[in-house]
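If you read the protein sequences in the order shown, they are chains A and B.
If you use the working numbering, the first sequence corresponds to residues 1 to 166, in order.
If you use the working numbering, the second sequence corresponds to residues 167 to 323, in order.
Hints listed in this document are in silico derivations from the structure and should not be mistaken for laboratory results.
Even for Gly, the Cβ is constructed at its ideal location relative to N, Cα and C.
All clues stand as given, with none of them false.
Okay, derived cross-link-like pairs now, BS3-like style, lysine-lysine, Cα gap no bigger than 27 Å in a straight line:
no., chain 1, residue 1, chain 2, residue 2
1, B, K256, A, K40
2, B, K256, B, K169
3, A, K40, A, K102
4, B, K277, B, K247
5, B, K256, B, K203
6, A, K100, B, K203
7, B, K277, A, K40
8, A, K100, A, K153
9, B, K245, B, K203
10, A, K153, A, K113
11, B, K245, B, K256
12, B, K169, A, K100
13, A, K100, A, K40
14, B, K210, B, K277
15, B, K210, B, K236
16, B, K169, A, K40
17, B, K169, B, K245
18, B, K203, A, K40
Some chain A residues judged to face chain B by a derived CB distance under 7 Å, without partners named:
no., residue
19, Q41
20, S149
21, P155
22, L157
23, V158
24, K160
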Amino acid sequence: MEGGVSSGGATAAPLNVLVAIDDSDESFHALRWALDNILKQKSETDQNSTVVTIAQVVEPLPRYAFPGGYVVETASKVQEENAARVLSRAFEMCRDSSLKAKTIILEGDPKDKICRAVEEMNINLLIVGSRGLGQIKRAFLGSVSDYCSHHAKCPVLVVKPPPKKT
Amino acid sequence: MEKPVMVVGLDESEHSFYALEWTFQHFFSPPENSPFKLVIVNAKPSPSSVVGFAGPSAAEVVTYVDRDLKMIAARVLEKAKEICTSKSIKDAICESVDGDPRNVLCDAVDKYHASVLVVGSHGYGAIKRAVLGSVSDYCAHHAHCSVMIVKRPKMKH
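Bound conformation, chain A alone (with noise of 0.2 Å):
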């Protein structure tokens, strides 16, 4: 059978996983969610075998935007500061469920980058969260998590955000 799955013995395939943040709640209500009911056990049963690879994906500035030099050098700190903050909050979550954790920043359209990151990085799933748009929200805003499902060339875990409390 063409592009089998080699049935293993005792010990599980190691697992290397592609979470996309950026700094909204759902993903890291995704991130929590995955670590608590995914991730953690595969790391209890199997110390090592799992690797999580935390990617945020930034807009580019646009750059002509600016004329001086000045803005453009204090507003593009200001993302790298978020960026770091988002990425080290995300780490040590990872840290506190005993994951193996690196933190990527991927600068452009959050879609493509990941997709592509995927590719690149030999990635076996990649957990993004859910919006939890309607159908018409999701036409116009477009979703991530929609793409990413059908392009991405690894298994996709979408996480749901939680229901809202009424």
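Once you've looked at the hints, dock chain B against the given chain A.
Then chain B, alone, in the frame of chain A:
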């Protein structure tokens, strides 16, 4: 303590069985320590969704189609049970439910209070998906739990 439930949707396609094998490889080996309880759900479509025409001869055709569908469902379940046994998974639930796969899978998630629903994906492009419908798409948006969509990697040319 109850183990969280992982529901795996299964039909007779290779994509589905690949998704099942992938799930076993990453979440159920070693089987004794698996953190999840496995529920395998096969949806048996109703003959009316398969037979496209109405008329006097439709009744006969429906009987044959129904018998065929039952055989396919039974074969899928049997193969699933064999795979579970070969991987030493003893407490898996395998069941076949009548109805449209989209609803059957989402209902199974509610019935078993699943944490994760795993579905395979045919990897249809946008047009095929619009015309044929996509179970994985529907479930990703409507299931009341997180959804894992497992695709077979495409062969490099």
